[in-house]
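Chemist: Residue numbers (the working numbering), protein chains in the order written: chain A, 72 to 187; chain B, -7 to 109.
These are calculated hints, taken from the structure and not from any lab test. Owing to the predicted nature of the structure, the values given are computational and were not obtained by experimental measurement. Misleading hints may appear alongside valid ones.
DSSO-like cross-link-like pairs, simulated, lysine-lysine; straight-line CA separation at most 27 Å [to be verified]:
1) B:K14 x B:K44
2) A:K128 x B:K97
3) A:K141 x B:K28
4) A:K141 x B:K32
5) B:K14 x A:K130
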Amino acid sequence: TQLLEQSPQFLSIQEGENLTVYCNSSSVFSSLQWYRQEPGEGPVLLVTVVTGGEVKKLKRLTFQFGDARKDSSLHITAAQPGDTGLYLCAGASTRPVPYTGNQFYFGTGTSLTVIP
Amino acid sequence: ETGVTQTPRHLVMGMTNKKSLKCEQHLGHNAMYWYKQSAKKPLELMFVYNFKEQTENNSVPSRFSPECPNSSHLFLHLHTLQPEDSALYLCASSRSAQGGKNNEKLFFGSGTQLSVL
């Protein structure tokens, strides 16, 4: 099992502040995805990063994949109450024998609360 | 609306009950999954179906029994569960079961919040 550690586990900030969430592992992943899960709903995919060092921007969200493809970060600028939710990272790695293809390994998540 | 619908949204059952969770996807995907989400734990992959065939069972106890009659429907039959099985059960689908490729995405349903008394 590939272990993905997310930090911080909980984060409560005021509207307008900036924040960074981290996703770290000792394993190498072929790609990494970030999901946001709102209360009472399932996770929704935000972005997929594939290349080491890749940076992707989605409005106020900036995602970076580490050069060694073992870690990733999510930076939110000027957070808004609508950003509140559980942020999950998921790394893709080869399935264990005897299976073929890749499997997503999920982190424990960062619960973000943005206070108006 | 992600195109993946799960019912019921909430379920309370006793340890001797038999119940079933249902998942339906309207995305034309070929792969469907059951995940378990517990507090302070990563999402745990339980079962994978690709083109209606079960391709993976991650050491899940036999009190959980999946069924996939076609590529659009997935069930999870529950029997004699334990209180520690209380969790959010999420269904997901993707175009294929390969997963992890740069254009592969998991689409999740809203989940069934299960409480076992």
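Chemist: Does each hint hold? Answer for all of them.
Modeler: Hints and how they fare:
no. : hint           : result
1   : B:K14 x B:K44  : holds, 15 Å
2   : A:K128 x B:K97 : holds, 18 Å
3   : A:K141 x B:K28 : holds, 24 Å
4   : A:K141 x B:K32 : holds, 22 Å
5   : B:K14 x A:K130 : violated, 35 Å
Hint 5 alone, counting from the list given before, is not met by this structure.
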